[in-house]
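Trainee: Here is what each chain is made of, one letter per residue.
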Amino acid sequence: MITDEVKQAYVLDLMKKNTRTDGRGMLDYRQITVEKNVYENCEGSAMAQVGDTKVIAGLKLDVATPFGDRPNQGVIMFNAEFSPIAHPEFCAGPPDERSIELARVVDRGIRSAECIDLGKLFLEEGKVLGVFVDLFIIDHSGNLTDAAYLASMAALRNAKVPKYEDGKLVREERKDALPIARDVLSCTFEKVADTILLDAREEEEVSSSGRVTLASCGDDMLCASQKSGRAGFSSAEFDKMIDITLSKRKELLKYI
Amino acid sequence: MAEEETAAMSAGKVPKKLIENGIRNDGRKPEDLRSLKITVGVLKKAAGSALIEWGKNRILAGVYGPREVFPKHNMNPNKAIINCRYAMVPFSSLEEHGRFGPNRRAIEIGKVAKHVFENAILTEQFPKTMIDINIEVLQSDGGTRVAGIVAASLALADAGIPMRDIPCGVSVGKVDGVLVADLDKTEDNLGQSDMPVIFSPRNGDILLFQMDGMLTKKQVMDGIELARVASAKVHELQIEALATKYGAAAAGEDDLQETA
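In the order they appear, the protein sequences are chains A and B. Using the numbering used here, read the first sequence as starting at 1 and increasing by one per residue. Using the numbering used here, read the second sequence as starting at 1001 and increasing by one per residue.
Treat the hints as calculated values from the structure; they're not laboratory data. Treat the hints loosely; a few may be bogus.
Only some residues are given here: those of chain B computed to face chain A with a beta carbon under 8 Å [what the hints assert, rightly or not]:
#	residue
1	N1076
2	R1104
3	E1118
4	G1204
5	M1221
In the EDC-like style, the derived pairs of lysine to aspartate or glutamate whose C-alpha atoms are separated by at most 20 Å in a straight line are [claimed, not checked]:
#	chain 1	residue 1	chain 2	residue 2
6	B	K1111	A	D219
7	B	K1079	A	D4
8	B	K1056	B	E1031
9	B	K1114	A	D139
10	B	K1218	A	D219
11	B	K1111	A	E89
12	B	K1217	A	D183
13	B	K1218	A	D239
14	B	K1217	A	D220
15	B	K1217	A	D219
16	B	K1218	A	D243
17	A	K240	B	D1205
18	B	K1111	A	E97
19	B	K1217	A	D243
20	B	K1217	A	E237
21	B	K1218	A	D4
22	B	K1218	A	E237
23	A	K240	B	D1222
24	A	K240	B	E1225
25	B	K1128	A	E5
26	B	K1217	A	E97
27	B	K1079	A	E5
28	B	K1114	A	D96
29	B	K1072	A	E114
30	B	K1217	A	E114
31	B	K1128	A	D4
32	B	K1111	A	D96
33	B	K1016	A	D69
34	B	K1114	B	E1096
35	B	K1072	A	D96
A virtual CB, placed ideally from N, CA and C, is assigned to each residue, including glycine.
Excised from the complex, chain A in its bound form (with noise of 0.2 Å):
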């Protein structure tokens, strides 16, 4: 698209002068604010805002049947939806690699963490509680990842656990938080013309030749990690991300 090398022309030409198209440094986040219970009627609801990036997390629990090899866990699961309302090249029709690899990159870190107690989740014999974490991108600009994760986290920690009567949720009865053991939260960088950003503008996606995402969950631990883009990245790299991922996570945490 040649607007997406109008920007790109842009972001390159700052970048050569070691300055961001909104002057930030370049490992900075914009501002982030997450709302917490935006939403009534789901058991759980959050909206992140990173800079201008908003994304919804909508947290809805059902009674499930387990894993065959997991008879007494719960389950959980992502999805993402990239709507054509939050950018104009999002298309509508089923989900696109992009949406596919945001839930499961979410997915990933959470599981890994062993963020919630899956066992406590157990209801009945052949019954278990599913969470179900649908992830709504109400406008894109840039660094879905680090954004999707705050509003899953916030979701999960306040979301409220229907009572369990007759094989069914009383929706209209909640209580109870969900079990949840710790807090997973990512840093997302972007690698453009040789320099790493962190929490990259989306003129900043179009100009990048490479992305990863670190995912940590408290105790210096890390738990997910995805590398996206044509880009190498190298050890020295991987080392120098890490150390920012620690480093930030006390900053984020304290959005959820």
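With chain A fixed as given, assemble chain B onto it according to the hints.
Mentor: Then chain B, alone, in the frame of chain A:
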């Protein structure tokens, strides 16, 4: 990764410990690879192809193109576009019957594999074309994404598509608290962490990196170095496989560098 459960697991046949006295269940040391054999040029119609036999993995890679872009609106006037499809055939796993075509996991793997080849291939030499890379897992045994990419790299070389180098890699992970290279299916399923890594041999850059499970920074960095050493062995076998088909001179990296 975690989605591939073993039947052995549900049947309770899994050994209690995956590593005893520093030796893994199949007799390997932590850094050892499973048996690995690659055959180049196994398909008649494809421009290039390879079959990889890695542990019990049996994976075919076939490359078509550069050819006319379809659908046309995907065409890039400056370079070739790369399509990469990774899929497992319905009978490929030890467990339940699957379905043809890529599921969500396979679509994600196809995407990150595509990025590896976007790095390696000199796409600017073939504007307005597309190159289709197909990876079909016929039998899976852990580490199928890296095995598929290792095979597809040779299929691209077999197709004569110019590349900066031949990507290679291996999956590493934490099993019984120990970092090990080239996880088999059981280690993948029962281990604490899995980290597939693909390298660019010429400069050591990491072209694919995924990770699950909980690791410290030191474990991640040590894992990358373990993968680097193991990948060098995989790369030697890639060169050997090309030499078997095209002769040592054509496949030798040193010769390529001299002419560059």
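Trainee: Now look at each hint and say whether the structure bears it out.
Mentor: Evaluated hints:
Look at N1076/B: its Cβ only gets to about 10 Å from chain A, farther than 8 Å, so that hint breaks. Satisfaction of the interface hint for R1104/B is found here, the shortest Cβ-Cβ separation to chain A being roughly 5 Å, below the 8 Å cut-off. Given the 8 Å rule on beta carbons, the hint for E1118/B holds: about 4 Å separates it from the nearest Cβ of chain A. Taking 8 Å as the C-beta contact cut-off toward chain A, the hint placing G1204/B at the interface holds, the least distance being around 7 Å.
Hint on M1221/B holds. Least Cβ distance to chain A is approximately 6 Å, under the 8 Å limit. A distance of roughly 32 Å separates the Cα atoms of K1111/B and D219/A; the hinted pair therefore is violated under the 20 Å criterion. Simply put, K1079/B and D4/A have alpha-carbon atoms about 16 Å apart, close enough for the 20 Å limit, and the pair holds. Restraint check for K1056/B and E1031/B: the C-alpha separation of about 18 Å stays at or below 20 Å, so the hint holds.
Annotation: proposed proximity of K1114/B to D139/A is violated, straight-line Cα distance about 27 Å (limit 20 Å). Restraint check for K1218/B and D219/A: the C-alpha separation of about 13 Å stays at or below 20 Å, so the hint holds. A threshold of 20 Å between alpha carbons decides the hint, and for K1111/B with E89/A the separation of about 18 Å falls inside it, so the pair holds. Restraint check for K1217/B and D183/A: satisfied, since their Cα atoms lie roughly 18 Å apart, inside the 20 Å limit.
Simply put, K1218/B and D239/A have alpha-carbon atoms about 9 Å apart, close enough for the 20 Å limit, and the pair holds. Among the hinted pairs, K1217/B with D220/A is consistent with the structure: their alpha-carbon atoms are about 8 Å apart, no more than 20 Å. This hinted pair checks out: K1217/B and D219/A have alpha carbons roughly 11 Å apart, not beyond 20 Å. Taking the CA atoms of K1218/B and D243/A, the gap is near 11 Å; set against the 20 Å cutoff, the hint holds.
For the hint linking K240/A to D1205/B, the alpha-carbon distance of about 15 Å falls within 20 Å, and the restraint holds. Straight-line distance between C-alpha atoms of K1111/B and E97/A comes to about 7 Å, which keeps the hinted pair within the 20 Å bound. Only pairs whose Cα atoms come within 20 Å are accepted, and K1217/B paired with D243/A is accepted, the gap being roughly 8 Å. Restraint check for K1217/B and E237/A: satisfied, since their Cα atoms lie roughly 13 Å apart, inside the 20 Å limit.
As the CA atoms of K1218/B and D4/A are separated by approximately 39 Å, the hinted pair breaks the 20 Å bound. Only pairs whose Cα atoms come within 20 Å are accepted, and K1218/B paired with E237/A is accepted, the gap being roughly 14 Å. Pair hint K240/A plus D1222/B holds up; C-alpha atoms about 15 Å apart against a cutoff of 20 Å. At roughly 16 Å between alpha-carbon atoms, K240/A and E1225/B fall within 20 Å of each other, so this suggested pair holds.
Of the supplied pair hints, the one linking K1128/B and E5/A holds, its CA atoms being roughly 17 Å apart against a limit of 20 Å. Restraint check: the Cα-Cα separation between K1217/B and E97/A comes to about 29 Å, which exceeds 20 Å; the hinted pair is violated. A threshold of 20 Å between alpha carbons decides the hint, and for K1079/B with E5/A the separation of about 14 Å falls inside it, so the pair holds. The straight-line distance between the Cα atoms of K1114/B and D96/A is roughly 14 Å, inside the 20 Å bound, and the hint therefore holds.
Between K1072/B and E114/A the alpha-carbon distance is near 44 Å, which puts this suggested pair outside the 20 Å criterion. For the hint pairing K1217/B with E114/A, the CA-to-CA distance comes to about 18 Å; that is within 20 Å, so the pair holds. Using a Cα cut-off of 20 Å, the hinted pair K1128/B and D4/A holds, with the two alpha carbons roughly 18 Å apart. At most 20 Å may separate the alpha-carbon atoms for a hinted pair to count; K1111/B and D96/A meet this at roughly 10 Å.
As the CA atoms of K1016/B and D69/A are separated by approximately 17 Å, the hinted pair is consistent with the 20 Å bound. As the CA atoms of K1114/B and E1096/B are separated by approximately 28 Å, the hinted pair breaks the 20 Å bound. The suggested pairing of K1072/B with D96/A holds, with an alpha-carbon distance near 18 Å, which does not exceed 20 Å.
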